[in-house]
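Q: If you want the building blocks of each chain, they are given just below.
Number of protein chains: 6
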Amino acid sequence: MKIQLINPNASAGMAQLLDKAGRRVKGPDTELEVLHLPASVASIEGAADGVQAAFHLLPAVARGQAAGVDGFIIACFDDTGLDAARELASGPVIGIGEAAMHAASMLSVRYSILTSLPRSIHIIERNMSAYGLDRRCARVHAADIPVLELERDPAHYQRLLALGREILQNDRSECLVLGCAGMSQWARPLQDALGAPVIDGVQVALKWVESLVSLGLGTSKLLSYRAPLQKHP
Amino acid sequence: MKIQLINPNASAGMAQLLDKAGRRVKGPDTELEVLHLPASVASIEGAADGVQAAFHLLPAVARGQAAGVDGFIIACFDDTGLDAARELASGPVIGIGEAAMHAASMLSVRYSILTSLPRSIHIIERNMSAYGLDRRCARVHAADIPVLELERDPAHYQRLLALGREILQNDRSECLVLGCAGMSQWARPLQDALGAPVIDGVQVALKWVESLVSLGLGTSKLLSYRAPLQKHP
Amino acid sequence: MKIQLINPNASAGMAQLLDKAGRRVKGPDTELEVLHLPASVASIEGAADGVQAAFHLLPAVARGQAAGVDGFIIACFDDTGLDAARELASGPVIGIGEAAMHAASMLSVRYSILTSLPRSIHIIERNMSAYGLDRRCARVHAADIPVLELERDPAHYQRLLALGREILQNDRSECLVLGCAGMSQWARPLQDALGAPVIDGVQVALKWVESLVSLGLGTSKLLSYRAPLQKHP
Amino acid sequence: MKIQLINPNASAGMAQLLDKAGRRVKGPDTELEVLHLPASVASIEGAADGVQAAFHLLPAVARGQAAGVDGFIIACFDDTGLDAARELASGPVIGIGEAAMHAASMLSVRYSILTSLPRSIHIIERNMSAYGLDRRCARVHAADIPVLELERDPAHYQRLLALGREILQNDRSECLVLGCAGMSQWARPLQDALGAPVIDGVQVALKWVESLVSLGLGTSKLLSYRAPLQKHP
Amino acid sequence: MKIQLINPNASAGMAQLLDKAGRRVKGPDTELEVLHLPASVASIEGAADGVQAAFHLLPAVARGQAAGVDGFIIACFDDTGLDAARELASGPVIGIGEAAMHAASMLSVRYSILTSLPRSIHIIERNMSAYGLDRRCARVHAADIPVLELERDPAHYQRLLALGREILQNDRSECLVLGCAGMSQWARPLQDALGAPVIDGVQVALKWVESLVSLGLGTSKLLSYRAPLQKHP
Amino acid sequence: MKIQLINPNASAGMAQLLDKAGRRVKGPDTELEVLHLPASVASIEGAADGVQAAFHLLPAVARGQAAGVDGFIIACFDDTGLDAARELASGPVIGIGEAAMHAASMLSVRYSILTSLPRSIHIIERNMSAYGLDRRCARVHAADIPVLELERDPAHYQRLLALGREILQNDRSECLVLGCAGMSQWARPLQDALGAPVIDGVQVALKWVESLVSLGLGTSKLLSYRAPLQKHP
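Protein chains in written order, with the UniProt record's numbering: chain A, 1 to 233; chain B, 1 to 233; chain C, 1 to 233; chain D, 1 to 233; chain E, 1 to 233; chain F, 1 to 233.
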């Protein structure tokens, strides 16, 4: 099966991190392709950035669909353009924020999210509520580190670890969701240090898209997720 | 005050209808400008169309903001690009779907929405839930008439009237919200015929943006609705 | 159009403050009448006070309706007697609490309310929940200053400013709603000082009632808001 | 213990029915007093009626409190003036709507409500939501029989039985709540005929007030339900 | 009437405390039987313990039903096996957690729960949400004292009192629910000391089961709470 | 990895069906073991059956944990004993109901559930609500075919197909979840016939447990899902 993991921003560096993370866990039958979108924004930090990114995401999904891609992962924790991408794909499309929240709900009674910037909190909260997964979430926190900084500087790990401890204690949470693709690399060390599941949505989304494809399950094309109509005014 | 009413699709015909509706009700001190977006999609019927439209909407809002526009109305019932547009404006930005739902909540104990296409229902429901205004909404219905058809053919009025009657009765609703800018023109005749408030979000949004501007109230720029950052990878 | 702004308590001083606030923002075509209810309670601080006030409010609304008043504002943040007043009016009736919460939802991702007395918090929370607008509200706070004290002593401004700062920070809110008509006068200075929208429901309600009247929209008389029946046992 | 069951409307006939119902089930140590309020409305059919009734209810509760009444039942399914009455009482105050909904939640997985007039539905729904008991309620129905008619004409029983059957089947409900004090008398025959619990809130409320009084539990006077303050402008 | 109060754990000591509490408040016509389940777990501290306890609870309920018991109380704040027990009984079955939450909702605008172990919090929260009674609950706290310790050591009272004070203040709650049958004995002294209702679900559940039985109300046997079918593979 | 798929009832026939379904989709590195519980109930049709089944489930999970099983699936759509099983396992434990609902939320805007018996509906609804996944679910239906009948008689397929068509249309749903392990075998033919995703929770749960295990993610043992304590009265 061909799976496409799309980083909806313009960062080739981020795409490389995602590629490493994906290849570590992909299935033996999976041909994994990791893309970034050079014409998109440098990073997604807010709703306007999200609109830009979604605009560039859709043609990439359309091209993937035409080239026989079986399933897609949108690798931004905001789940940028998720519903729109589903209209263009016949296979499953999962966002990493979505996947992480679902996984946290299966592994703990209560989880918290730690994302990068405070201004993204409301977007994550809105998605969480649409999925119904706010029921199990204690709170969404921000480390207040810009997305691109996260990618570059390994020193941020210590801050995330300290925050993670504080969050689990204050929120009475039992699982931590990393709320930014750029934090993926630290999921396992954080988990070992904190003694609680630390979820990287990138890896969960990849395995779950593989799962759904292997079961012959894809996006419903019954009505709402059909391809957009061609219209002439 | 300068108010901009933006039709986020490419239909000049729709923009004309909106302009007529706006001029009928605008305040004496309001300089009203009605735009459509020629590079956008012909009509918005789904999430992918919405991404396209939002992409073209944002520069229009940015230009308006630079030109001193005091407030904006997004004239698509899906409230396309609403949060993103708020990042670019200092004045208020209101979507016509949002405005109509708020108004319905002040005028009735229970309301129903009648939109154009069934595939848009989930988008409207998701917005309504984000606003909390699903509490007072019985149900969202679709007339199953494409948006561009609505604009062109006055014969659709009879169908809307018949549907409106059925909906108010079956849903036990006491107010009908027209869920598509293209239905604006029929709000008043429908209201007279049905004997219950029929809300056109275009006119409500315009008056409410004027109101907020006149009170010196605008979009909060404290954090989440700040302009996007300039970033360099 | 004739608009009536009713202070449902007995304070002529409060009515004067409301009259000043109203005249500053009313539309050129609006004939504004501001009333207080001398037979009502001195101030509304709890549900029993609310019952008293509502009892005196209804005849005032009925008289206004008979005299051709086009729209009403109930100027108590508890939205005292709101549903009952709607039964007596054909035009719109909006409560200042309701209006403020709706406005805050259009201008920010998250807002907080600052009211006068702690004992009123549960009433406001109950209304907010009925409107669905609790979705966007972080928390309701009380300054712990009796309503009549607020009216009299300008020194309370400093306390409100300090509380406002604390609230926006601790709640991660981006808009502050003033939860008592007696705080109206300070909305603009607080907004300038805090750098975030500060909403006075009195002015928003007035403009929105004017708006709805100008659009020919009024309270639905289909069923639930019909005038009470005359009954003989 | 002295328990007061207050019919908040002016119907002496209704008070007699309530008195019969109460005496059938009251505890041996209970001194039961049933009142109606001659100055109140003839029947409560809407929010404006509710304001009238609440206004006359409060002095009755105050007199009862002064006379050492240990607990109160408000015998209108709308739970008229409930929060206000709690401010005046030190013992428990329960509304019959409230009691019936709580009981239904303990006896079934899903229940429906059958009230008298359609225009009361929104009031009941709003209360139910405030209590959180809408979770277990399938739907609120109205028999469309005016309250005073119910009292007078025993022929209405057949209609209620037919409606009850229909409701249990269509709603998939397993318990029926009678949504009007005037239906009390038919609770047991309906239960026998329908083969499912049929709840009369009057009797449940009475037994539960007795229960709470016997346990030394009363309305919290910590803050929100304190007696209203005396205020002088 | 015969009422059975079942302690679903193996503690005879707990059963004695429950028996004392029950006899203090039971009605004159009530024949009260208090059981513990020697084959069950020593105490219920988590979901696996709950499964064990429920397994042993059901035959006890079945035996009681066969012996003509009119109503049952499950005396574990987790409401262990509640829905299952209802399938085996024709009379009412109430859990002490359930009863306490319902009572708190009738006596205060906001309540908090204080249970024994932190690990039980999620179980209580889940129940509360199923009942809809989370609406009125500020927060669930744990004293972090094992259930069996509570039974044995009266010194824990001081800790509960200190916690109770803190909770009412920080949560802005006006009623405290004791979240463990082992705390029953301290309900009245805590209430006197805190000046707010302190609810022991054991006593409330007992009185309410007596109430429902006296009104001829029992568990609905229409469908979901029918006895399990006999099946042969 | 060793994965255990446990049928919590006594049906060896059901276990065989599950085994076939599992082997069709399991990963190459997965050693799959499918169990039934001979001492359990013949089938789970209600809460009392669920208590029985959970009681027998837990030792099976404990034995699996001791034998190094990496992850568990509970193959009853009621998710019998889910939280309890999690206390005994270090790896992930997923219920098939849970898995199916999560998958449906990722593939459609709205889904419906078709289970076997009407009496199970409330159990599924309660779980769905606890997961927050009721947000996306239109309705839960029952085919009214006993679980064991489903296993035996292939003729039931036609009935399920007809019901599926009706459900998708009436509910406006775009995905169907099969609400009983006994329906697993028909997922693919139903999907082909209905033209919408038809989800069998057995296969989804298996792939997702494999996924989580492969990512080193397991049940949080921080607090609430810890193994039960050993206690001595």
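Please note that a few of the clues may not be correct.
Subject to a maximum C-alpha distance of 30 Å in a straight line, what follows is the list of computed DSS-like cross-link-like pairs (lysine-lysine) [claimed, not checked]:
id	chain 1	residue 1	chain 2	residue 2
1	F	K2	F	K221
2	A	K221	F	K221
3	F	K221	A	K2
4	C	K2	B	K221
5	C	K26	B	K2
6	D	K221	E	K26
7	D	K26	D	K2
8	C	K20	B	K20
9	D	K26	E	K221
10	B	K26	B	K221
11	A	K20	F	K2
12	B	K2	C	K2
13	F	K20	A	K20
14	F	K2	A	K26
15	D	K2	E	K2
Calculated Cβ distances over 12 Å to all of chain B for the following chain D residues [unchecked claim]:
id	residue
16	G13
17	P38
18	H122
19	S129
20	A142
21	L161
22	D171
23	G195
Taking beta-carbon pairs under 7 Å as the criterion, some of the chain B residues facing chain C (in silico) [as the list claims (entries may be wrong)]:
id	residue
24	H156
25	Y157
26	C175
27	K207
Derived from the structure by calculation, the hints contain no laboratory data. All C-beta atoms in this analysis are idealised placements derived from N, C-alpha and C, irrespective of residue type, glycine included.
Q: Any hints this thing doesn't respect? Which numbers, in order?
A: 2, 3, 4, 8, 13, 18, 19, 20, 24 and 25
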